[in-house]
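With the hints as constraints, model all of the structure from the sequences given.
There are 2 protein chains.
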Amino acid sequence: MKREIRVIQYGIGPIGQRITAQLNEKTNVQIVGAIDSDPQKTGVDLGELAGLNTSLGVKVTDDSAGLLSDIEADVVVLTTTSTMKNIEPQIMEIVASGKNLISSCEELVYPWKTQPEIAKKIDLAAVDHRVSVLSTGVNPGFLMDFFPLAMTGICQEVRRIHVERIQDARQRRIPFQKKIGAGLPLEHFNQRLEEGVLRHVGLVESLHLLAAGMGWSLERAEDIISPVIASKPLEIGDLSIEPGMAAGVRQIGRGFVKGEEVITLHFEASIGEPAPRDRIVIKGRPDLDVTVKDGVNGDIATTAIIVNAIPTVINAAPGLRTMIDAGLISFWA
Amino acid sequence: MKREIRVIQYGIGPIGQRITAQLNEKTNVQIVGAIDSDPQKTGVDLGELAGLNTSLGVKVTDDSAGLLSDIEADVVVLTTTSTMKNIEPQIMEIVASGKNLISSCEELVYPWKTQPEIAKKIDLAAVDHRVSVLSTGVNPGFLMDFFPLAMTGICQEVRRIHVERIQDARQRRIPFQKKIGAGLPLEHFNQRLEEGVLRHVGLVESLHLLAAGMGWSLERAEDIISPVIASKPLEIGDLSIEPGMAAGVRQIGRGFVKGEEVITLHFEASIGEPAPRDRIVIKGRPDLDVTVKDGVNGDIATTAIIVNAIPTVINAAPGLRTMIDAGLISFWA
Chain A
8 MKREIRVIQY GIGPIGQRIT AQLNEKTNVQ IVGAIDSDPQ KTGVDLGELA
58 GLNTSLGVKV TDDSAGLLSD IEADVVVLTT TSTMKNIEPQ IMEIVASGKN
108 LISSCEELVY PWKTQPEIAK KIDLAAVDHR VSVLSTGVNP GFLMDFFPLA
158 MTGICQEVRR IHVERIQDAR QRRIPFQKKI GAGLPLEHFN QRLEEGVLRH
208 VGLVESLHLL AAGMGWSLER AEDIISPVIA SKPLEIGDLS IEPGMAAGVR
258 QIGRGFVKGE EVITLHFEAS IGEPAPRDRI VIKGRPDLDV TVKDGVNGDI
308 ATTAIIVNAI PTVINAAPGL RTMIDAGLIS FWA
Chain B
8 MKREIRVIQY GIGPIGQRIT AQLNEKTNVQ IVGAIDSDPQ KTGVDLGELA
58 GLNTSLGVKV TDDSAGLLSD IEADVVVLTT TSTMKNIEPQ IMEIVASGKN
108 LISSCEELVY PWKTQPEIAK KIDLAAVDHR VSVLSTGVNP GFLMDFFPLA
158 MTGICQEVRR IHVERIQDAR QRRIPFQKKI GAGLPLEHFN QRLEEGVLRH
208 VGLVESLHLL AAGMGWSLER AEDIISPVIA SKPLEIGDLS IEPGMAAGVR
258 QIGRGFVKGE EVITLHFEAS IGEPAPRDRI VIKGRPDLDV TVKDGVNGDI
308 ATTAIIVNAI PTVINAAPGL RTMIDAGLIS FWA
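In order, the protein sequence lines correspond to chains A and B.
Under our numbering, the first residue of the first sequence carries the number 8, and numbering increases by one thereafter.
Under our numbering, the first residue of the second sequence carries the number 8, and numbering increases by one thereafter.
Think of the hints as simulated: they come from the structure by calculation, not from any bench.
Don't take each hint at face value.
Identical chains blur together in the list; that is why a pair holds if it fits in one copy or across any two.
Okay, derived cross-link-like pairs now, DSBU-like style, lysine-lysine, Cα gap no bigger than 35 Å in a straight line [stated by the list, open to error]:
{"#": "1", "residue 1": "Lys128", "residue 2": "Lys92"}
{"#": "2", "residue 1": "Lys300", "residue 2": "Lys290"}
{"#": "3", "residue 1": "Lys265", "residue 2": "Lys290"}
{"#": "4", "residue 1": "Lys186", "residue 2": "Lys33"}
Structure, rendered in structure tokens:
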């Protein structure tokens, strides 16, 4: 990466701000624009907004169309939303301006099964404008899909893939602790479950990405959520959790081929989990049992993989890419 | 992988024979030719030679030029030798016939530092004939280079990479046990060391591949071999090892940038190793500590990754590729 990479950031929320800080550490990156629809952020310098002790000389604008047509850039980092419905018009605008795009949108990580029509539309537009579009993150994107897929590369046979992501939420940000329902009485937990707000978005996408990579046509996919129930009193910051309350969430994804469960994705995040880990178990020839000790810190790793993906997405073939065909993402300085 | 893939095998030694068996399990692969220079193998059916209980209708020939010009194929699987010097003319002949090439040649996994002129020559010829050339294996190719590189994709910062491949040679083939000097008195071990036959070929290639992927320009690379000395009597098959004899080999590769050791590759294989494992430790943000329990069986995994790489090399951009830019290799049925 000799020459300078010109980056526009679109979406300056918590993830976008941490990406700003990380991009600011790179010597060959210039942030040339920042977009956010929040009136509170408009006109503010990006460096200030990201909590850096320096001005970046880039003011946040809400005029995406104007900025995208006026400013040349190699790539847009799009961190606005988790859903395809909301992100589609933003993507179409970016692609039409002839810029590559890396996103953290969970549903975009593998939309070909869940929202094939929008996926097809984005793919065609990207091919048309000779740009690549990729969405990734630590999960979905890496731990439960790319990583197990890469491990199967050394297998002569694969019968079954089991992935665990078991986290101690004490080590995560407070919004994450709230997101997993920690400290809720069970009736509130179940109520929030019905509202659909407790769900880890992306488990189904990981399931479909992994299946696609394996060439497995799933006849059925499950995604079942339940509370992790505190068995003893737990304290964290201002939060105290009584026994019987929710300490977090457990979400199990299963994929079936010919009646057999060939993929199991076990996501669990709770306050006080004693054995946090990321683990991949492959039943095949050979069997593989791979563990990341203590698990991967999701806040750090998600911004890392988005930033690390920038050269990959710039060099990828035009179209809507996934972690299967985008090319290797590794650290660059 | 819908359509049939036509494969020529070049080199029908132990690895080639195991690849034959594995290719024979694939429904959409047809082996259309087999080349070996050994007169004992010429004219023999490939299925018979590979110990399958079936004829494959393909007789081994020593006429590489004739076969390569007469027979159409998508890819040649080249498993003849570990060295660039010996493999170069074979590669040039295959590339000139317009066929993609996947090899297990250790030095070819990353030849750009050790033998840049031959690498350049192969690259130019491959681009010229619009075919891709890739060499890989479990080690070098995956465990000590691609795998740690892929893990850095979730890091915001990487200061140091340490990789361990610690094997119990009891679980490997007898030629492997001999190759690591198990059961030799130390003076014989040192003598064989001087002859250069105890070396695990590929450690330096892993070091350079990993450094290239990280964008690190190594000012110095070390590759130091020593015996693992038996501390108690060991028995395996016909082999008995007395205390003080070599039980196996330890080989340490180190890469330095600005006086700092940024890469350490620790390869060790001995009879009776109590804690076999493959392990990657990354010092950075976050730190990562990843372990493959019991380690990966190299005999199984090397043929696996060669076969799994076939679709990848067919779809890769023309030229001499490495595991950095070849594309994802994962299992396919």
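Output the indices of the hints that this structure fails to meet, ascending. Result: no hint breaks.
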